[in-house]
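Put chain B on the given structure of chain A with help from the hints.
Here the protein sequences line up with chains A and B, keeping their order.
The opening position of the first sequence corresponds to residue 1 in the working numbering, with each subsequent residue numbered one higher.
The opening position of the second sequence corresponds to residue 1 in the working numbering, with each subsequent residue numbered one higher.
Calculated from the structure, these hints are not laboratory results.
Even for Gly, the Cβ is constructed at its ideal location relative to N, Cα and C.
Be a bit skeptical, because a hint or two may be false.
To be verified - Footprint (simulated), chain A over chain B, 3 or more residues, beta carbon under 8 Å:
| no. | region |
| --- | --- |
| 1 | 44–54 |
| 2 | 61–68 |
| 3 | 81–88 |
| 4 | 117–123 |
| 5 | 165–172 |
To be verified - Selected chain B positions facing chain A (Cβ under 10 Å, derived; list incomplete):
| no. | residue |
| --- | --- |
| 6 | Leu57 |
| 7 | Ala58 |
| 8 | Leu73 |
| 9 | Ser74 |
| 10 | Val76 |
| 11 | Phe77 |
| 12 | Val78 |
| 13 | Ser94 |
| 14 | Ala137 |
| 15 | Leu142 |
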Amino acid sequence: MTIQPAWQIPRSGLLWLLIAFVGVVIPHVGHLPPWITAGAIVAIGWRIQVYRGCWGFPGIWIKVALLALCIGGLLLSYGLLVGLEPMVALLVSGYSLKLLEMHRPRDALVLVYLGYFVAITLCLFDQSIAVTSYILVGLLLVTAGLAGLHQTAETTKHSAFVELGSLKTAAAILLQAIPLMLVLFLVMPRFAPLWSVPSQRDSATTGVSDSMSPGDFTRLGRSAATAFRVTFAGPMPPKRQLYWRGLVLSDFDGRAWRQAVPWGYAGNLVQWYGQPDGSWRGDIPRSAASLDYSVILEPTQNQWLYALTPSQPLTEGVGLARDHSLVNRVPVTGKREYRARFMPDSPRDLDALPSIRHFVETRLPPEFNPETRRLAAEWRAEEPDNEALMRRLMALFRREFTYTLEPPALGRHSVDEFLWQSKRGFCEHFASSFVFFMRAAGIPARVVVGYQGGEYNPEQDYLTVRQYDAHAWAEVWLEGQGWVEFDPTAAVAPERIEFGMAETLAGEEEFLADNPFSLHRFRDIPWLNRLRLQLDYLDYLWTRWVLRYDGVQEGLLSRMLGAVDPVRIGLFILIAGFLALLPVLLLLWWRRAGNPRSPLEQLYLEFCRKLEKAGLGRNTGEGPRDFAARASARFPADREQIENFSRFFERVRYAGSVDNLEEDRLRQQRRRLKRFRPGAVRLLTSKSA
Amino acid sequence: MAAGSGWRRRWQQFYEGLLERRLPGQKTVRLDSRKLFIFPTVAGFAFGLVLLLLWLLAINYQNNLIFAFTFLLSSVFVVTILHTFANLSGVEVSVLDAQPAFAGDRAQVTVRLAQQGRRFRDSIRLYYPGARPVMVAMADTLTADVRLYVPARRRGWLDPGRLVIDSTYPLGLLRVWTHVKPTLQGLVYPKPLAASPPQQSRPALGEGVLEVAGGSDDFSGLGSYRPGESLRHIAWKQYARGQGMLTKHYTDAVDNRVWLDWDAFPGMDREARLSRLCGWLLVLSRNDTSYGLKLPGIQVQPSRGEGHRDRILRHLALFELTPAP
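Bound conformation, chain B alone:
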């Protein structure tokens, strides 16, 4: 068993080396004979067995017609090699875009298959390891875009592994395949974890402090009662004086400029802190709060909006990682 697995490992290494030499990461990969592999499928080997049996039948019955039909089916196999190969040959593969995703989710990667002429190609299967395969055909089109959902495992740049493209068209007797590495730039944000918002040092009232209506801390005035308001806030004294139904209004004094602070989670390791910062950020951006980021060596002034959020997520994703692949 040990020897077997040793061989397997060695084969794996050889195969990966071969792929690395022949199919380095490229923006657009054009599939040609150097990059495509072809081998009979199980059905193809069974077809070979059928041919063998027919051949024996022909020999034993000395029947030249059975010889002819056996040779015809053998030739079908050979012609199918060319057809199967041609089904992938000449296809250009590139990644149109990769949507950012949170670690643990699936990232949507759009792969574009393109060809020079309008050749009919059928039943092309694409998949990244661990992702659901997608079948695509190119009939009378120059391009076909395929959306694949790949597992985003770790924070940083998305690395879905090699894209497998294969096809057994037209007869399923042979499989032509390749493992390409079209370059893609997809971000994987930290896996968001729910974090109880940590104690914030409340700065003095003034700039950046909002009074949030509907709070419960400070009394700010009276207003006329609207149905649905809590009975606890009805100003019963004024009501008893016959001034009508009034409600007591309070405000919470909240510092709206929140800092997503590295130091807010003491004692945790880097990834745990980033995950919590990320989860916190999602809550804040949903509440349309203005927030900034404080990481060791990085500070982003508080602001709001989607652009701001994505900028901060990018910082979280790439924190202490090499920049771009």
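Isolated chain A (complex conformation):
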């Protein structure tokens, strides 16, 4: 066995690697098991002790034990190591362990590359502008560590704690890389996933869920998070038409509404976009007033999408379901952009419902809400016309009911209690009781959940729909009209539909209870409201042009290049890439050409230039001292400055090199020289002179 000379990791490189470690791991703490965080703290503490010379590196057996602990811990925490969190946990554990094993240059390199991975995986959890900027800082720190490994430290300036040269180098390289990165981002093709990857395991699914029971929507009223954003190809329809259908719930168990089993349909259940026509899609005739729109949906982890009714999908992977809602082929784990065509006033399911569907859409659990069933039968006998019956119920709502985010709790017969006792409720109460009443009267009816309205950004022409816009309404099947949407809430609180949630419920305590400092609370203050809208727009731009860039890439490229083919893309990368690198080339070339004079000489020449401009040139062969004497005689007001500078020049010039101490003096003199105006008229002194 040969004893190899111990490789010493350069000091500056090590410090940056440690700083980068801390900076890169901290944002992951939220989704790491606590023991990994603790382990990372121990690892960095240990490494610092090694650096200070207090402790040694762990021996081979300790390392083996640590490795075994990590693997055991990961298996205990996650079971099988599949999924996003286990992957990141594995990366962070490896990153921490590698800190304790740095004997060769290769080890430091592995640490750097792991740092890149850990930093970048952060955007699998959060893609906001803030987090992206933070990741950039992380990349900068890691790159500084890499640069520190390759710098001859003595040549760079030291600060008290770390050596800033490698940070500067890394920053320069990253900044210079950004133009080329933009070119690549613009044109590099995005491929479809090569294999399916496990997504986040326990990400909280926000938004509308696949069942509705009393209280569900009041929970959504607490959040101002964005649900989706919409841009219309034409003028935006009026707000009362903006019912964003998500799910259709036909199955009631006495407490909650759920999706019913799609029995009784002929043909396929979902008509996917782009598939040959010829099944049931002919149900929706095209109307002249169709309107295309595009939606960017925040991740929901669910398959259903939100769309106006009725709409045809215009995006690959999106289909139209039998209940006229849009569905995605796979759960929406990232932001999803899709386009659809809204065809207002097109009737749906004009033909009589198949008997199985009629049964499903009128079925009620027999043991609940006897009072409502009795009254419904009574009204039915009095009003044979369906629409008259509905109008009567709506009139009742309008007369006696209150719309509130803080409804009283309801017991077993929730519809009975709401309709005849509490009379205070939120949209789900109205929708649920309306549908229940209709079914009890023998009319096919079902609950629709989704969002209503949204906030229009007039300057940028797009609509933001937030979680508090979540809404439940009803649809009823009528002879000769097909399915028709009805919103009982509109009868009670028309302002909810006309103006939106924020205006209607701004005073209630429950509204935005999760976001106590949200800017949404200050809609009355104009400039704050404008700021909020602008921030929202920024987020919209970010989502549309960066996060969902693959959605717009093709259109953009074909507009830019005429057509999208490999040759054009290759040529574009070559030409634009060269242009993007040109500033770097020029900078490097210019620096190479550089100034052969020393900083001191440059400074003195500047001094002479200023005096010459004032009318006093330096004679050939005239020494600095003589010249200074002549200048002082000519400009007595500046005498002190001239002599001071000349003395400094002589002293440094003939005393040797400019060392670090003189560097500061040089900077100071440069500052002074900037203010030096020989012979300038001074308002104060010229009078006294």
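What follows is chain B alone, placed relative to chain A:
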């Protein structure tokens, strides 16, 4: 294996031919794009692997931010190519001087790196094959002098091979290098070998003969005893006569004009003779003896002093070799 080594030899020949065409021996070599080579290091290839993995991550998670960061790091690699290249480009390389050395020792060669502007260059590594690499940086300077110690293998003009200049600054992902041949004139003297001074024909006393005090051959007189002198030389007879402590003084009669003579080592080959002459010369010059040189076709009259010694060493170094490279 044979085929592999054949390829390797052919590559070696091609590479050397390329170097000879592009980088012939010159007094000052200015490094530019024709003379510099650049290629990723192992770390650079590992960086490529990292990029590939990130790209796969971006594709499979359909995450445009990861795409963006992958492209950013790819661009960092491209920008680093320019920086690494610029770190050596524009440097002028010349040899300031090469100290003479004895064969088998190391010769000190001073290489000067110069640049036109005051560009910051860091971590430039220089080495001759077989010599220890030296790192140098140029910060705010127009020149940097580097002393390299190269093995002096054979007598004659120093030929250290091609000077390798390389750098992986700033990120270690790429290595830019060149093999330059700045001309240098360094002498390599023969390897000195200890030689028993051969029998010298002692010329008659007279000119050029010194009597060296402290010898043991001829009695030259008596002197008063100084402590430390050998007891064997005390003149006991005179002491017994009561004339006090006296010592007998002797002198060696030595011909001080030594000839470093080619013919003094009969039966040896050329290099062996030169090595012995060299070793002998070192002894003589240390003793401040006057000496001359007799080689076939060359004769240097005896003299002393450093200039004389160097002249003779030069003759020894270049004997029967072509004059200057």
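ask   = Can you list which hints this structure breaks, lowest number first?
value = 13
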